[in-house]
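Undergrad: Based on these hints, arrange chain B on the given structure of chain A.
2 protein chains.
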Amino acid sequence: MSSYHLNHVNIRATSLEETRDFYAEVLGLEDGFRPPFPNPGYWMYAGDMPVIHISPLEAGSLPRTNPDGMGKGLDHFAMWGSGLAEQLAVLEKHGVEYHKRLAGGGAVIQVFFLDPNGVQIELGFNPEAEGITRDTFDGEILE
Amino acid sequence: MSSYHLNHVNIRATSLEETRDFYAEVLGLEDGFRPPFPNPGYWMYAGDMPVIHISPLEAGSLPRTNPDGMGKGLDHFAMWGSGLAEQLAVLEKHGVEYHKRLAGGGAVIQVFFLDPNGVQIELGFNPEAEGITRDTFDGEILE
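Protein sequence lines, in the order shown, are assigned to chains A and B.
For reference, each letter of the first sequence is one residue, going 1 to 143 in the working numbering.
For reference, each letter of the second sequence is one residue, going 1001 to 1143 in the working numbering.
None of these hints come from the bench; they were simulated from the model.
Be aware that one or more of the hints could be misleading.
Cβ-Cβ distance ranges computed for the label pairs, FRET-style [as the list claims (entries may be wrong)]:
#, chain 1, residue 1, chain 2, residue 2, range
1, B, F1112, A, E18, 19 to 25 Å
2, A, A85, B, A1129, 41 to 47 Å
3, A, D48, B, A1129, 18 to 24 Å
4, B, E1018, A, P35, 32 to 38 Å
5, A, A85, B, A1089, 46 to 52 Å
Partial list, computed: chain A residues near chain B (C-beta under 7 Å) [as the list claims (entries may be wrong)]:
#, residue
6, T14
7, L16
8, T19
9, G73
10, F77
11, H94
12, G118
13, I141
From chain A, some residues computed to sit far from chain B (all C-beta separations above 10 Å) [said to hold, decoys possible]:
#, residue
14, E25
15, A46
16, G47
17, Q110
Nothing here was measured: the structure is a model prediction, and the numbers come from that model.
Yeah, the Cβ is synthetic: ideal placement off N, Cα and C, and Gly gets one too.
Next comes chain A alone, as it looks inside the complex (with noise of 0.2 Å):
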């Protein structure tokens, strides 16, 4: 029985305003709390969940979902969820690559793979949860 359940997607914007005022002004999101990330970008949420994830693109960043490419589009999506050891053993035994890395000032510990399809998935743990700490994590730490 999975523990997951679906927190946001992410989208690679042209222009992070513009998109941030899209989500508002024509669903009725909230431009809401995002914890400390390297990248500029907003967090846009229905109720408590910052449902749709806005960053900027980044050079030589590859073609989403949109067609004529330019590196804008869906890039990810994510699930949170709890079991970090077991789920990362899982990928082993499968033979899928990850990285893994703490992010958003250590809120998040945030593990990225590839579907069948090339899809990339994020699923996202919470370090305290999981007994981990900065000191003891053995991943990329994102400052």
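TA: Just chain B now, with coordinates in the frame of chain A:
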């Protein structure tokens, strides 16, 4: 205040079965109920939420998330809410073109449109809650 919540992401798969098995075996999601649609596919559940919808490639479909293209990858994301008439008025006020249809054997009214980055958004509404029947619906009916 938005009534929406994130409902699912839709993935175009090179192999429906390989993709189903990936989400079942690697993430522990469950292959569950899917209402009638013309295309084959799978809905993968986390608890009672069908968080991953798997659809086949379609002839002429466009590149999605995967930069290798071939029509596979993240196709759209979906939120569910209430207040169809009000939402359509907002879309029209902002000049956002949309397509609406009754789908899933009459179980859902779907409204599709693009964000400023070309990301396809689906909004889902319960026909009964919106006071709409098959006879009074004035959009496409997907049989």
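Undergrad: Holds or violated: the hint that A/F77 contacts chain B, with Cβ atoms closer than 7 Å.
TA: With Cβ-Cβ at 5 Å, under 7 Å, it holds.
Undergrad: Since A/E25 was said not to touch the interface, does its Cβ keep a gap of more than 10 Å from each Cβ of chain B?
TA: violated (7 Å)
Undergrad: If I claimed the Cβ atoms of B/F1112 and A/E18 lie 19 to 25 Å apart, would that claim hold in this structure?
TA: holds (20 Å)
Undergrad: Can we confirm that no CB of chain B comes within 10 Å of the CB of A/A46?
TA: Violated, since 5 Å does not exceed 10 Å.
Undergrad: Does the hinted range 18 to 24 Å hold for A/D48 and B/A1129 at CB?
TA: holds (23 Å)
Undergrad: With a cut-off of 7 Å, does the beta carbon of A/G118 approach a beta carbon of chain B closely enough for the hint to hold?
TA: holds (3 Å)
Undergrad: Confirm or reject: A/G47 is not an interface residue toward chain B, with every Cβ-Cβ distance exceeding 10 Å.
TA: Violated, because the least Cβ-Cβ distance between A/G47 and chain B comes to about 7 Å, which does not exceed 10 Å.
Undergrad: Honestly, do B/E1018 and A/P35 meet the 32 to 38 Å range at C-beta?
TA: Cβ of B/E1018 to Cβ of A/P35: about 35 Å, so the range 32 to 38 Å holds.
Undergrad: Tell me if A/T14 is really an interface residue toward chain B, meaning its C-beta lies closer than 7 Å to one of theirs.
TA: holds (6 Å)
Undergrad: How about A/I141: closest beta carbon in chain B under 7 Å, or not?
TA: Cβ of A/I141 sits 25 Å from chain B, so the hint is violated.
Undergrad: Holds or violated: the 46 to 52 Å window for the beta-carbon distance between A/A85 and B/A1089?
TA: holds (50 Å)
Undergrad: Holds or violated: the 41 to 47 Å window for the beta-carbon distance between A/A85 and B/A1129?
TA: At roughly 42 Å between Cβ atoms, B/A1129 and A/A85 fall inside 41 to 47 Å, so the hint holds.
Taken one by one, the earlier hints fail for this structure at numbers 7, 13, 14, 15 and 16, listed in ascending order.
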